Amino acid sequence: MRLAEHKYRTTSKIAGQLLYVENIHAARIGEVVKVIGPRDISFEGEILEIVKGNILIQLFGETRGLNTENVEIVFTDTIRHVPLSTDILGRRFNGSFTPLDGLPMFYASEWRPARGYPINPVARLRPEEFIETGISAIDGLNTLVKGQKLPIFSCAGLPAKELVAQILQNARLRESTKKFAVIFVALGLTFREYSFYLQALQNIESEFVAIINMADDPVMERLMAPRFALTVAEFLAFDHDMDILVLVTDMTNYCDALREISNARKELPGRRGYPGYMYSDLASLYERAGRIRDSQGSITMIPVITMPEDDITHPIPDLTGYITEGQIVLSRELHQQGVFPPVDVLPSLSRLMQKGIGTGRTREDHRDLANQLYKNYAKGRELKKLEAIVGREGMAETDQLFLDFATVFENEFIHQEKQARSIYKTLDKALQILERFNLVPDNLKKKKTEI
Amino acid sequence: MKTDTLGKIISISGATVRTDLTGLTLFERVSVGEQNLTGEVVRLEKDGTVLQVYEDTSGLGMNEPVQGHGLSLATTLGPGLLSVMFDGLQRPLEALVDKTGSFIHPIHLPCPLDLKKRWPFTPLVNKGDTVAGGVKIGYIDEGPFQHPMIIPPDINGRVIDIAQGAINLEEPICRLDTGSKIFGYHSWPMRVPRPYRKKLTPGEPVITGQRIIDFLFPLARGGTSIIPGGFGTGKTILEQTIAKHADVDIVIYAGCGERGNEMSELIEEFLHLVDPRTNCPLMDRTVLVVNTSNMPVAAREASIYTAVTLGEYYRDLGFHVLLLADSISRWAEALREISSSLEEMPGEEGYPTYLASRLSSFVERAGVVETLSGDIGSLSMILSVSPPGGDFTEPVTQALLRTSGAFLMLDTSLANSRHFPAINWMQSYSLYQDILADYFKKNLSNDWEVLRSLCREIMHKEESLQEIMEIVGIEGLQEQDRLVMTVAEKIRSDFLAQNAYTADAFCEPQKTMNIIRGITELYLQGQAPKAGKSENETRRT
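Taken in sequence, the protein lines are chains A and B. Numbering-wise (the numbering used here), the first sequence opens with residue 5 and increments by one. Numbering-wise (the numbering used here), the second sequence opens with residue 3 and increments by one.
Excised from the complex, chain A in its bound form (with noise of 0.2 angstroms):
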């Protein structure tokens, strides 16, 4: 602890949201410090980096109208913490975690580091218990479980929010009995789209936190935002045995808010510009979902990213495969065949399906069914390429079986409108289609007759 309090007039540079500040006696990495400007404007920035005596500051807030001269900087000899108190929910905040509903702040019963500590891998609880979304595609075949971070693929123009509001709408926990919230971070929106997750968020039953970084305002904050966030989720989900689901928008905003910070900073650019410690940033983020042994709760993570170029293999999305447990993937093709939502199950995958389905969890024939639409709609996939050459008259009848397979699991399996499904129904649709196609695998056909 300092006992003296200095202001420092000494920023020798300023660049973007980065200050230098020369002469400095004392300074600690993470340290937040205020910045005051002309006309007793005020701004809050972090410590990046201490160079003999030089820090580099990182700034929340508008740069313009500063200069070297009338600038003034305060330490507060503390790293960024969060206030917490179970008060937050319901209530929406800026990237700089003031108040936006007009609200006065909560009474703080706690505060913690937004960084927030790493989990320790052998507190962790292996997630296994299912989410049931309302949607085939995820349900059925790429089934979402609690404490799992599954990130949604989309492209600009296809119907990710929509697809997102359904999600939070039907999302529960079959039969659970805890408390069940939302926290909603919006990360670079854009007002069209805030106002219908908005509408969204106060559709649904569930409590919800909001977190809102607009497309205008600061893109400091908007690293900052995500990170408010998941120390709230930690707190509730931890302390007070909730169910998070976190639902961060768009991931791909997050990223070149990453590259622009980098970028001022004068650090060497990895792949197309993104620095080169982005996985280990994202990875400081996904990975704070989870569950632990010494809680009921969870922290379950769907963030939305935007492929630039409709690219899988574009640094964004591809290093976010790598960290998340699995991908739903949104398809161009379907979205213009009308199909909603128009999810392709071919590269969408959970990794931690296998753990929440089947006996007990959801149902037994899932498994088995999963595998078979897998598998033969895979098959049609494949034959559709070979029907662009041939034609379908040119192929044999049970090629143009699967044909019609793959058409009728795109209109009537993934295609649901806007209705949620059960999983019952989700599984009994699947077993009606199989049948229809004779489709059905033995060991099903076996089990049914046993009933």
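A couple of the hints might just be wrong.
Pairs of lysine-lysine, DSSO-like flavour, derived with a Cα cap of 27 angstroms [claimed, not checked]:
id, chain 1, residue 1, chain 2, residue 2
1, A, Lys449, B, Lys492
2, B, Lys10, A, Lys383
3, A, Lys56, B, Lys492
4, A, Lys11, B, Lys10
5, B, Lys492, A, Lys388
Just so you have them, the derived chain A footprint on chain B, three or more residues with Cβ under 8 angstroms [claimed, not checked]:
id, region
6, 95–104
7, 113–125
8, 254–268
9, 288–295
Quick caveat, the hints were computed from the structure, so don't treat them as lab data. As the structure is a prediction and not an experimental result, all values here were calculated from the model. Cβ atoms here follow ideal geometry from the backbone N, Cα and C, with glycine treated the same way.
Based on these hints, arrange chain B on the given structure of chain A.
Using the frame of chain A, we list chain B on its own:
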């Protein structure tokens, strides 16, 4: 020891810290700041030293103290390592939970081993015997193993006192006339390869239970396989399946920069699965070194050195060890981050120019050796690589290709059609096939080589026919070719594909041979009457 030399922090940038302290040695371990964060000396300068801090530096302030220890960053080796899960700096994670709860806070733990635990010790040497580094002076019983106690490599002398019966690690078990006290454990600098008498040529396989690996792309004991693959191609599942079933004595699993949930799944499974060879839980033959993606980056860099040093230790005790690392790309990225914060000139894709040399000296630590005590021990490696965008031309994959002996390429399109393990049979290779051929012919089956080339021939033919078939359909093919397609399909689905979640996850070598023999027989039968040629002639065409 310079334990009383104190300096202070001048600069901090990420995990790189500059101090005004001089007189330190390169790679010396240091304590940094008021919280005693662990660090290592990475560069010596005229008026100061550059340190690498292995923990989160947020909150670290200028002018905080730095202290040298006069020792290198080391791995502690002894009984009690098995079935424990360590972080990249060899801190037992379970002990960390007791100290800081479910979340990891920067903290210093004195010793990775339980020093108080009592072990039954049986001596093998007597008073007056002359002993040198590597000599076994006795053993203790640890789980399913007899854990030999060895003299640390750099010590020798005459025994003047040796313990017997219950011992713990706090008291010396042996004293030498040179004044050396031998404890049940010792430390070894993690970046220095442990010595051995001589390196031998590999000649035996590591049976992984994966048909495609054991039959088509075998790994030799002491060899290195790499598994590159984009996300979702099943790298982790494949590594974990091999960790479960491989016929080795000890498995070291390094989860380097990967997912936390996967690790919790792995531990849970390993605790409940039983090793058929010893009837003990699989965990009893496993050491886990885990630095998940959200744990400090610099410790991720250290984690594979911790893992390989542990592996070498068990090799020196005369065991066959398999080191699985998932994934080397995350290690390379950590190296890149560190290099960039040291302001070094970047090489290809921002990786430091010493990436290839670091990787090759790491891979060279694998091998079959005659240990200092004259036993045979081996350390084999299976390393997964996560190339960005699934593009194998990137520097990490390329550097590993030059040094490793087997390349198991994971294929996104195979994974998308749910063919697992998604190893591409056309592109993958194993340089160990020739040195292992004799072993397989002698110990498994005479027709090993013949069946192998036949299998590859069928798959090769299938690939060239695939394009034609896409246009003309299977009906348009000649009968001969149709046979190839049917047999190849059978090889794909009944032989190369293997479900990691069923009993099929491990396939005995003998069963592997039977399956492939059965399938290829179909092919030969279908071919023989039509062509009217003898078997051998057919194969030559």
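Now for the hints, and whether the structure bears them out:
{"no.": "1", "hint": "Lys449(A) with Lys492(B)", "in the structure": "24 angstroms, holds"}
{"no.": "2", "hint": "Lys10(B) with Lys383(A)", "in the structure": "66 angstroms, violated"}
{"no.": "3", "hint": "Lys56(A) with Lys492(B)", "in the structure": "68 angstroms, violated"}
{"no.": "4", "hint": "Lys11(A) with Lys10(B)", "in the structure": "24 angstroms, holds"}
{"no.": "5", "hint": "Lys492(B) with Lys388(A)", "in the structure": "23 angstroms, holds"}
{"no.": "6", "hint": "95–104", "in the structure": "holds (count 7)"}
{"no.": "7", "hint": "113–125", "in the structure": "violated (count 0)"}
{"no.": "8", "hint": "254–268", "in the structure": "holds (count 9)"}
{"no.": "9", "hint": "288–295", "in the structure": "holds (count 3)"}
Comparing the model with each numbered hint stated earlier shows that hints 2, 3 and 7 do not hold.
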